[in-house]
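Trainee: Chains A and B are the protein sequences, given in the same order. The numbering of the first sequence is the working numbering, which starts it at 1 and goes up by one. The numbering of the second sequence is the working numbering, which starts it at 1 and goes up by one.
These are calculated hints, taken from the structure and not from any lab test. A few of these clues could be false.
A few chain A positions that, by computed beta-carbon distances, are all more than 12 Å from chain B [stated by the list, open to error]: (1) S53; (2) D104; (3) N170; (4) G186; (5) S311; (6) R330.
One side only, chain A facing chain B, incomplete, derived with CB under 8 Å [claimed, not checked]: (7) M1; (8) V193; (9) V194; (10) A195; (11) G200; (12) F224; (13) F228; (14) V231; (15) G234; (16) H237; (17) Y261; (18) T280; (19) A283.
Beta carbons: idealized from backbone N, C-alpha and C, even for Gly.
Protein chains: 2
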Amino acid sequence: MQIENPYLLFLGDAPDQLAAKTAHGIADWRRDWCLGQFRMDGCKADLGLPDMSIEAAAAEGAKTLVVGVVNRGGIFSDGWIEVLESALVAGMDLAAGLHNRLADVPRLSAAASQHGRRLFDVRHPTRSFDIATGRKRTGKRLLTVGTDCAVGKKYTALAIEKEMRERGMNVDFRATGQTGILIAGGGVSIDAVVADFISGAAESLSPANEPGHWDVVEGQGSLFHASFAGVSLGLLHGTQPDAIVLCHEPTRTHMRGLPDYALPSLGACIETNLTAARLTNPAVKCVGVSVNTSRMEPADRRRLLLGIEDSLGLPAVDAFQDGAGPIVDRLS
Amino acid sequence: MQIENPYLLFLGDAPDQLAAKTAHGIADWRRDWCLGQFRMDGCKADLGLPDMSIEAAAAEGAKTLVVGVVNRGGIFSDGWIEVLESALVAGMDLAAGLHNRLADVPRLSAAASQHGRRLFDVRHPTRSFDIATGRKRTGKRLLTVGTDCAVGKKYTALAIEKEMRERGMNVDFRATGQTGILIAGGGVSIDAVVADFISGAAESLSPANEPGHWDVVEGQGSLFHASFAGVSLGLLHGTQPDAIVLCHEPTRTHMRGLPDYALPSLGACIETNLTAARLTNPAVKCVGVSVNTSRMEPADRRRLLLGIEDSLGLPAVDAFQDGAGPIVDRLS
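Using the sequences provided together with the hints, build the complete structure.
Mentor: What follows is the structure, given as structure tokens:
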């Protein structure tokens, strides 16, 4: 599966910027893939990209209309179907990462088939995977892991990839969730595969590669999240990371969605991940901590990062705000 | 989902006893549910149950024909379809735990629909599950965990259930794999659910119950198996066990299917399981070790079990051969 770019980002009738979070992610990390944005009447989101009609985007070479917006419930709206259909007619593929499927809308599947276009429902894996073999692969891998869900594992991985690329290193970002897949143009929605194949899917996501090549793999969940730790462990074992980076959101008062569960300490979380990761790669190391400090005052932020560096002896950065330089310094 | 008994066990044209392993499991643990066996020409398996025709079994009240045999590849054979169809016509449901589905055979789905019968493809969950909440439930739970796959977790759970039932305790066996489901008449094939819902499915499998009630849950895989540990961890977190029992096969020279992976030590395996289990139940304890000694000489067997008891300070038994008395003594 490879989603072709350039993209036209569909923002629909997004009621606010947050509803277009997926489109923001794509524009943040792959701006050169984005020809423009398509907004319907009443759209309150704006990526700062040129507003384009379907026809104009197609004429300029847009290959895929990417649904970068969710309505309440994480599904697409009936009101969008006409626009989505017109993109197929104009020669674009469609990609979406929502709970419902483009392929389940008869008008869209008929138009795709008639015009020879593809529908990418990136939340729903369509291929099957082998059982993990546990065999060592050539090349190197970094995995972002978290104290919790939604703490910045994807953005940290992308910031690390960006820094490595700028230094001329041989690197690929490997996506494991729907927004990541739209950013990368491919990947596996790891929490949607059948349980038996989590590690096998992770192995196939970062295949054997050149000895100096790095895959920077987007983590999912947390070994300390009571709902999703199985996914996190299978991803950790299948990735066989040489390096992990711990991601953290310091203002979180309890595990996401679990009011009775406290967050683990950073040290315990690193140790638990390293212990589990050693099963498939005894040489694994933690190379840094990435803290999402967007909700903190600058002075507090600086104090927190220095305190983490002192106590753990690892670089601590906000990779999204400051880049991942000190972490990448540790990769060889 | 509740598969109705009594069963007629279908052995097909099994080339040997091993091919009818599922039927053996059912006959071992639920003999009173088994009216008889149905064998085709050339069948080399025998459960010691009365041979019955479909019509005779139906007349005596058989509710479900259970496919207790696999051919090579873990699928059912075309040659079986006529017999399976005749069971539907005679008023029985069908149940199977194979890779292919009864429901995908047009002749069988048509006959089931015509005669108002049900088809149970127990390897393939047909219901959806909620995300795990991690909330404490009333009642008590025991989970069998393993150093590896296929070390006796199902049989140990069934032996513990049997011993508890004989002592008049309030107990249910909860099945997580296809043979277990056919033995229990219900359950969830946990490795076949979507990864995001492993723990949620485990929570639904052992719901809130009376304070003195025990669910004895069949474990899957091993936290030390590089292919399947995610399933094992999600099951452990969702079950929230009060007690775990470690299962082990002492003649295994490497992890099943993974020639490069050694087995963990019993002590390390217990500690790793307890540490992970404390996330959702801080009061979890290990109450014993169950060793499959079927491939050992009696003297070696006795020495091994005593050695484990001495080194770990826990009862060590072969629960299938000797029963689970010393383990159940530790449950209150």
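Trainee: Next step is simple, just say for each hint if it's right about the structure.
Mentor: Status of each hint after checking the structure:
1. S53: Answer for S53(A): holds, closest chain B Cβ roughly 38 Å.
2. D104: holds (16 Å)
3. N170: holds (26 Å)
4. G186: holds (19 Å)
5. S311: holds (22 Å)
6. R330: At about 26 Å from chain B, R330(A) clears the 12 Å cut-off, so the statement holds.
7. M1: Since the shortest Cβ distance to chain B is 18 Å, the answer is violated.
8. V193: Holds, about 6 Å.
9. V194: Cβ of V194(A) sits 6 Å from chain B, so the hint holds.
10. A195: holds (5 Å)
11. G200: holds (7 Å)
12. F224: This interface hint holds because 6 Å falls under the 8 Å limit.
13. F228: Where the cut-off is 8 Å and the nearest Cβ of chain B is about 7 Å from F228(A), the hint holds.
14. V231: With a minimum Cβ separation of about 5 Å from chain B (threshold 8 Å), the hint on V231(A) holds.
15. G234: holds (3 Å)
16. H237: Given a least distance of 5 Å, the restraint on H237(A) holds.
17. Y261: holds (6 Å)
18. T280: Nearest chain B Cβ about 5 Å off; hint holds.
19. A283: violated (15 Å)
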